[in-house]
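> Sequence:
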Amino acid sequence: MIIILFCSIKLEAGNSDQTRISNGDTVRLMLVGNSFSKNATAYLQQIASEQGKHLIIGRAELGGCSLERHWRLVEEAEGDSTQGAYKGKALRTLLLEEPWDFVSIQQNSMNSTNISTYRPYAHNMYEYIKELVPDAEVVIHQTWAYRADAIRFGNLKDTLHTSTEYEMWQASRRAYHTIAAELGVRMVPVGDGFWYAGQHPRYGYEKDETVSLSNYLHPELPKQDHSLHVGYQWNNEKVLRLDSNHANAYGCYLGSLIWYSFLFGENPTETTYQPDLADSAFIEHIRITAMEVVDVLPSF
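Taking our numbering, the leading residue of the sequence shown gets 1, the next gets one more, and so forth.
All clues stand as given, with none of them false.
When the alpha-carbon atoms are kept at most 35 Å apart in a straight line, the in silico DSBU-like pairs for lysine-lysine are as follows:
#1 38 x 130
#2 207 x 157
#3 89 x 38
#4 223 x 207
#5 238 x 87
#6 238 x 223
#7 207 x 38
#8 53 x 38
#9 157 x 130
#10 89 x 130
#11 53 x 89
#12 87 x 157
#13 53 x 130
#14 38 x 87
#15 157 x 38
#16 207 x 238
These are calculated hints, taken from the structure and not from any lab test. Here the structure is a predicted model, which means the values were calculated and not measured.
Required output: the full structure, derived from the provided sequences and hints.
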């Protein structure tokens, strides 16, 4: 098993002195992603607003969308200007709507562990974005691994998949860092935040091997304290389902804090906004984790 020391994350993540946005300026962020980018920025606007920041967020997000699909949609739209997959608009149109400071790209989570799925699409997307908005900083949003009780983890090749949360995080982390290095861009370390937040001996989620969905009656749920993922939930038909992939409110808050710190170069533990969530101690753990993975030192 490969062990990566926590401090190595700090060296590779974006540091506050690299951030080129000064206090009081408007920050414009365009997200080219899917439901994971939606999750990771769910509270970003509120956090920035309560800190007196003016943040404009643009979204080119499609459920489950991979880098390859985003690029195919670019090609289709370039051949036919009436094509608009993003709420009726083409990516070109969205990219030209604002003088974006940051444009993020990411891989879809299932393919995030397979570096061959990034090529050549990450490079193509990078070149396309820089052609249209040359002054924008292109960044990579690092997605997270699925919860320990997921039925299936990230793809490696053909029908081969990673087998644990740890393996998925490791493989996706390698892929994201490799592609970021190839493009010469910074990475927003949300995936690292999820992993390290979950490794705390007190605040980590523990998989329950004994759960049987047939044992629960609506609205009962299996115990899933300190989860950053949606986990078990009842659907509209009162059928108990498991979503080990997407972020719950705690995970969305962690991602949003990391994004805020990355964009503004400020300590996320000093922000004032937090969603109305019951576990205040877990919230504090999330805030500290966000600070550590982005490596923003406390101000004095």
